[in-house]
Each structure stands twice: as structure tokens, then as C-alpha cells.
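Whole structure, please, built from the sequences with the hints as guidance.
Chains as they are written, first to last, in this note's numbering: chain A, 1 to 291; chain B, 1 to 232.
Honestly, the hints are just simulated from the structure, not real lab data.
Here the structure is a predicted model, which is why all the values come from computation and not from measurement.
DSS-like, lysine-lysine: derived pairs with alpha carbons at most 27 Å apart:
| no. | chain 1 | residue 1 | chain 2 | residue 2 |
| --- | --- | --- | --- | --- |
| 1 | B | Lys-71 | B | Lys-152 |
| 2 | B | Lys-123 | B | Lys-152 |
| 3 | B | Lys-71 | A | Lys-190 |
| 4 | B | Lys-152 | A | Lys-190 |
Derived coverage of chain B by chain A (criterion: at least 3 residues anywhere in the stretch with Cβ under 8 Å from a Cβ of chain A; other residues may be distant):
| no. | segment |
| --- | --- |
| 5 | 75-82 |
| 6 | 85-97 |
| 7 | 102-114 |
For glycine and all other residues, C-beta sits at the position ideal for the given N, C-alpha and C.
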Amino acid sequence: MINWANFISQCFNGLVLGALLALISSGLTIIYGTLGVLNLAHGAMFMLGGYAGWVAYSYTGSFIVAVIAGSMFVLVVGVVTERVIIRSFYARTPEDQLLVTFGLGIVFVETVRFFFGSLSKMVPPPPGLVGITPLGFMFYPTYRLALLAIVAAALLALYVVLYRTRIGMIVRAGIEDAVMVGSLGIDVYKVFMLVFGIGAMAAGFAGIVNAPVVSIAPDVGEAILVQTFVVVVIGGVGSFPGAVLGGLIAGEIISITSMFDPGYSYVMLFVAMTLVLVLRPYGLLGTAGRE
Amino acid sequence: MSLLEVNGLNTYYGDSHILFDVALNVERHEVVALLGRNGAGKSTTLKSLMGVVTPRSGSILFDGHEIAGRKSHAIAQAGMQLVHEERRIFGSLNVEENIVLAGMTAPNRWPLDRVYALFPRLKERRTSRGTDLSGGEQQMLAIARALVREPKILLLDEPFEGLAPIIVRDLLATCRTLADDGQTILLVEQNISAAMTLADRVYLLNNGVIVESLSAQAVQERPELLQRHLGV
Chain A
1 MINWANFISQ CFNGLVLGAL LALISSGLTI IYGTLGVLNL AHGAMFMLGG
51 YAGWVAYSYT GSFIVAVIAG SMFVLVVGVV TERVIIRSFY ARTPEDQLLV
101 TFGLGIVFVE TVRFFFGSLS KMVPPPPGLV GITPLGFMFY PTYRLALLAI
151 VAAALLALYV VLYRTRIGMI VRAGIEDAVM VGSLGIDVYK VFMLVFGIGA
201 MAAGFAGIVN APVVSIAPDV GEAILVQTFV VVVIGGVGSF PGAVLGGLIA
251 GEIISITSMF DPGYSYVMLF VAMTLVLVLR PYGLLGTAGR E
Chain B
1 MSLLEVNGLN TYYGDSHILF DVALNVERHE VVALLGRNGA GKSTTLKSLM
51 GVVTPRSGSI LFDGHEIAGR KSHAIAQAGM QLVHEERRIF GSLNVEENIV
101 LAGMTAPNRW PLDRVYALFP RLKERRTSRG TDLSGGEQQM LAIARALVRE
151 PKILLLDEPF EGLAPIIVRD LLATCRTLAD DGQTILLVEQ NISAAMTLAD
201 RVYLLNNGVI VESLSAQAVQ ERPELLQRHL GV
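Below you can see the structure in the form of C-alpha cells.
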């Protein structure tokens, strides 16, 4: 049952899943860090990216167009959602914020189910990335290797935006102290809108690039949402490097545990989260001050 | 017309009434100190002016415009800057990033060289992260961040609190220079002797009510006026 080839292959799967979780969690963590709103509709954003991409693919047959359409659609959904709904909830209690985003998630999922049905949809990988690649010691699906590169590139892009641009500087400052950002003459509500859009887009982009690996269904975001939460808690709320580290850890835990018994993968995930909470209550790379 | 004219300002925290019909004014190029005991409502007054706390009623005329109830970013863009008591330095940004961020939306901003000329210590530490600064350096940065926006009025909330005497002396000298250059300042300070070396005029605040308005000269001639309300 367990041999080295299998183990290494599962480690690779863990890396791919981890990178994906890192990207989705980055979106969730910058939204929570900046706006203070825990977005329970984040899993639905992942799902919407997949469906928007699938629709674009059905019409054009182009994977690139599907990725762009999936990401842009969720960016727009994020911006509109922030403007129309989330904005009225900044002054409300965290319970109200959780309820409204939870409700939004249900609305998104059921709307998609209404139009596209419950059966899963498949987006094939782009032509050059079909099949398997020999890595010397093992064979590995080509698209999964490409996915690792694609997601790494997306994380790098997010890093550059957050750490090398003026907008990123405002976002990082806003994660720390949004009131002070306002006192310095910057309209934090515009920043909030942008952050919500970018955070949602990270999930949507992940949703469509992952579609050739795991077929999409209306409830595909639910499991992702749970895993993403664990990642954010492990890494430290509001911390982008924490989301990346937490994502990779969670991806490996899920993959390696699944090799022995998939039923225990969540158990191990929550064991890891509990350990982190006991030993470092603010997460591996989090800082005190944000609960 | 005064640069700042406040009338009938009432501020609440939830159900507790903190400021009662506060009225004060600050002329251009004037340094005014707001003195009072702990919990008198001094910080709340500054926060209400800056829009960090929204006053429930009253008028705040700033440079001829009503700013009561406006958002703090709009008030900052109108030319007001509050240096918070807690300094609120962005710890994940370095010194220079803190200053650049502050100046980003200012209509007229100081060049970095001018900031560094006023605070040479910040130039030495310009790549240090905000969390690595000493208390005095943080206070310099907090003031620098406000000044870079070339504010029409600078609100200082306990700028000398918790600093070593030698740092207070240096910072006081810097503030004196600013005042001599015509910077309008509204200052809240527990350290009365420090406040009195800067202020042209003083308001005494007691339990959210302005109880006295005195010129610096009057305070010097009759220090018992302060004692009555501050218990010093």
C-alpha cells in the first residue's frame, strides 16, 4: 500500500493543493485583516470563478479566456458585493457580518444550481498541458505541474502588488490600522472595496485554474472554505506570508493523511490547527492585536 | 474669521455623554492648549474634530467649511491632522513608507528632505520598521507623518507623554520651531510646563465642559487659576 513512489507523488499533490489553498487563503486573510469582516462567502467565490470560467470556455473553447473571464467575473462580483451589501455591515456586530456573508454564499451556490444544475462540469486542461510528464523517479500529470507554476506566479503577483506598490502599502497599513489610514487622508472605503475585489478574485482565479483537476459543482466551495479557515488560523490572521505557509502545511497534511486514510485528513488538519492555537495563539506568522 | 470655530459640540460614547456643548476657537498661526484632568474629554475633543469619533451635534467650522459629521479622510484632505496619543505608527511599514503613505493624498506635501531636516534621527532610521522604533522616534514619526501633509492645523494629543525628559526637551524645541514658523497647533497635554512653553492661549476642560479660557500671560500672572481646575 505505501511505497516511496506513492509517498512522493502524494507530497507533490500536497504541494499543488497547498499552493492553491495558499492563494485562496491570501484572499480571505487580506479581506479579514483589512475590513474586519470574515467572509463566509469566500468558498462560493471560488466556485463562481470555476463556473464563470466554464461558461467562457463553452463559448470560446479557450482556456486562457476562461481563466481571464473567471477571475474578472469574481472581481466584479466582489466589488459589487462590497459596495451594495458588506458596506452596510461594517458597523454591525461580527455575528451579523457572519450571517450576511453566510447567506450570500448560499445565494451564490443556489443561483448557480438553478441555472446550471447540480451535475459537475469539466474544463479540460489547455492542449499543451494534457497527459503526464516523466520526472525521472515518477510520472506526474502535466497539468498539475503547470498548476503549481500558475499558482506560484499568481502568489508572486499578489506579493508584488502587496509589497512593491503604493496600493499594496495602503492595504498593508489598512490591515494594521484602518482608522489611522483614514486620518492620513486616504478614503478607506475605496481601499476596502478594492481589497474585497482582489481577495475574491484570488479565490475565483483559483476556482478556474483548479477546474481541470477537480470538476466543478455548485457546492465545490464548501470544503475549500473550511480548509481555507484552517489555513488562515494556522498562518495568522491578516498575514499574507502566514497564508502561504499555512496553505502549504495544510496541503501536505491533507495529502499525506489521505494516503493512509482519507477519512482522517480533516482530523489531522484540525489537530494541527489546535496545536498551533495552543502554542502560538496568533498563528505561526501572525501578530498580537488581531483576534 | 478664525481658522477653527467650534460651537455646541456634543459627543457620546454609546450612551455616555462625554462632551457638553464644547465651544472653542483657534486663530491662524496660534498655539492653543487644551488642559484638564484625566478623563476630562480632551482626547475626545481632538478625535471629534478629526472625525475619528463622530460628534452627535454641534458645528465645527474649519477654514470656512463645516466639517462636523464628515469622514476623517475628508477632514484630513481639508487640511487637519491629528497626531494620536497612541501614535499609531504602522509597524509593518518602515519609517519612510510611513511618511510616503501619509503624504500620498496631500494637495501640498513636504519633500522628504524637509521632513528629515526637521527630524534628522528619522533619516538615520528611515529603513527601520515602525515596530523597531523607540518611543521618542515613534513620536517624531507620528508628527512627521502629520507635517508632511502641510496641515493648516496640527492637533497634538499628549505628544510628550511617556518620553524621557531629554527627548521631551528636543521635541519641545522642534514644536517651538514649528510654532515660530507659523504652524497653527491645538495641543492636549498633561505636562503643563511643556504646554505653557508653547501655548499662546489655554482652554480648561472639566468633565466635558469648557470652564475657562485664558491667555498664556494670564496663566503666568495668576497660576492659581490653573490650580483650581487641575488640582496641581
